[in-house]
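Chemist: For reference, the chains in residue letters:
2 protein chains.
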Amino acid sequence: MYPDHLVKQFNDYLEQILDHYRQVPGALREAICYCVQNGGKRLRPVLCMLAARSLGKDVKTVLPAACALEFIHTYSLIHDDLPAIDNDDLRRGRPSCHKAFGEDIAILAGDALFAEAFHIICKHQAGSAQAKLSVVQELASASGALGMVAGQFVDVYYAGKKISKDTLDYMHQNKTGKLIKASVKCGAILSRATDKQIKGLCRFAANIGLVFQITDDILDITSNAHCLGKTAGKDSKQDKNTFPKIWGLAKSREIARQKVNQAIGALEGLGLDSGPLEEIANFLLTRKV
Amino acid sequence: MYPDHLVKQFNDYLEQILDHYRQVPGALREAICYCVQNGGKRLRPVLCMLAARSLGKDVKTVLPAACALEFIHTYSLIHDDLPAIDNDDLRRGRPSCHKAFGEDIAILAGDALFAEAFHIICKHQAGSAQAKLSVVQELASASGALGMVAGQFVDVYYAGKKISKDTLDYMHQNKTGKLIKASVKCGAILSRATDKQIKGLCRFAANIGLVFQITDDILDITSNAHCLGKTAGKDSKQDKNTFPKIWGLAKSREIARQKVNQAIGALEGLGLDSGPLEEIANFLLTRKV
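Keeping their order, the protein sequence lines are chains A and B.
Counting from 538, one number per residue, gives the positions in the first sequence under my numbering.
Counting from 538, one number per residue, gives the positions in the second sequence under my numbering.
Please note that a few of the clues may not be correct.
Remember, identical chains collapse to one label, so a pair may be satisfied in a single copy or spanning two.
Said to hold, decoys possible - Taking lysine-lysine pairs in the DSSO-like style, the calculated list, with each CA pair at most 27 angstroms apart, reads:
no. : residue 1 : residue 2
1   : Lys597    : Lys736
2   : Lys578    : Lys825
3   : Lys594    : Lys699
4   : Lys733    : Lys660
5   : Lys578    : Lys771
6   : Lys777    : Lys636
7   : Lys825    : Lys660
Simulated from the structure, these hints should not be mistaken for laboratory data.
Because the structure is a prediction, the values reported are computed rather than measured.
So here's chain A without its partners, still in its complex pose (with noise of 0.2 angstroms):
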């Protein structure tokens, strides 16, 4: 079962974030309005806020940290459907930003985002300033040179061409594995987990990241536009680098059951309260969106 009520938790709370932004001119504002109202799983916040959970917290102590993940994930998926990287029209079933609001207002509205995912740490976030400095510096390495943009550096740059297994596994883990870690972590890092749990947790994101980015690639071959509610079997077309690409089908779904389960015995005896994350682990393996 995926954790719907935190997500209307989330939901809410990102209202009156954006209501911080009344004062953004015209278009800009809503084009960022557009593509973050625009619903999804929110996975990325339902992340930090279980972290938060399993260490005893209440998962409203982590909602500006849940919000700029997902202002850092929306601006990568706004700048990935530009037509100069992936060229996609549609996204959660709607037009993609560029499609809505033109090219250059969807890479100002990308652009906007990431630099207000700081901002939202800096001003909204509780903690101390030492944690809320670990959360800036592990969102900013997350998404950076070495994170996102090398992976869809890669992604980009690869396409059409033959990659070995490695590369298929570098690509993956910077271009969606390091947020999603990222996600656990923040809300590990501002629910004052030890080093021990938060390595526990790392581990346990770094194999569910995996699954997700499987899953991801079996469902663009599997599923159709309607279901995805973004363009299937765009992956086969670009000929892009996927995992039922380089290992086949079901061998990929097998990859993604081990890591499932080297994702619940990463959280074992890290005295935390796993049961929901546990869940979430499942949901990636079986999700059909």
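Go by the hints and put chain B onto chain A.
Modeler: Quick look at chain B alone, frame taken from chain A:
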């Protein structure tokens, strides 16, 4: 006189920072280096360093913040030059990033530089966690949805439309003014300036930010691509709203002179070693590049 020795000191430090990006994959790393090594006046780093010096601190102590400021400035130029925005082929006398590396890599190189700006503060800047967090907040706020991006949006959105003097002010304050102000303010925060000193230095910066922009607008009319290292006459070709267009050339020059006097006046009575900052203000009025 422009403080070229500070530019050299900054460029040397920049090389050390770029050395940390050896692991960044191929063309992405090349694009990042191509853009940040592309010279320029390094105005924002120099302002940050001079703010520290005016408070009796070694300029070395703020080099990471200076580097973060230059990364943000460079990222904004890369994205501004994109075909969907200003569509500029020339930057600092060389092909702009998307001309040299393609539009996809230019978008990603800009994104990477923006993330790395925050990463550098967390990883390399000395100072208390609170001071560094204040710097992060200043950078995020200056470059975000109510800062640089808002200014750029207004610039693009109102090209070809008549705007009021208030909107022109809004555009410049946000597009260039806030990051110039942040340059001085970050240097001051890290040098433990008093609130009164920070306020005076910010007034100085707000005024020279306008001087910078007015001179920029004037040079676009009176200079040529060979001198500027970027396309001249673009503002009028794109029907951009500039100071000379709204105020006329002579009145624009007069406003710039007034702003220099106001900038220098703002530094009085603060116990600062303000000579080099005054020189910068005068340089910005008379610069030819």
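Chemist: All hints, please: hold or fail.
Modeler: Evaluated hints:
When the C-alpha separation of Lys597 and Lys736 is checked against a cutoff of 27 angstroms, the pair qualifies only within one copy, where the shortest distance is 23 angstroms, while the shortest distance between copies is 35 angstroms. Taking the closest pair of Cα atoms, Lys578 and Lys825 come within 27 angstroms of each other only inside a single copy of the chain (12 angstroms); across copies the shortest separation is 53 angstroms, beyond that limit. Taking the shortest alpha-carbon separations for Lys594 and Lys699, neither the intra-copy value of 46 angstroms nor the inter-copy value of 53 angstroms comes in at or below 27 angstroms. In this homomeric assembly, Lys733 and Lys660 come within 27 angstroms of each other (Cα to Cα) only across copies, at 22 angstroms, whereas the closest approach inside a single copy is 29 angstroms.
In this assembly of identical chains, Lys578 and Lys771 lie within 27 angstroms of each other by CA distance solely inside one copy; the values are 21 angstroms within and 44 angstroms between copies. In the homo-oligomer, the alpha carbons of Lys777 and Lys636 lie at most 27 angstroms apart both inside one protomer (23 angstroms) and across protomers (25 angstroms), since each shortest distance falls under that limit. Taking the shortest alpha-carbon separations for Lys825 and Lys660, neither the intra-copy value of 37 angstroms nor the inter-copy value of 40 angstroms comes in at or below 27 angstroms.
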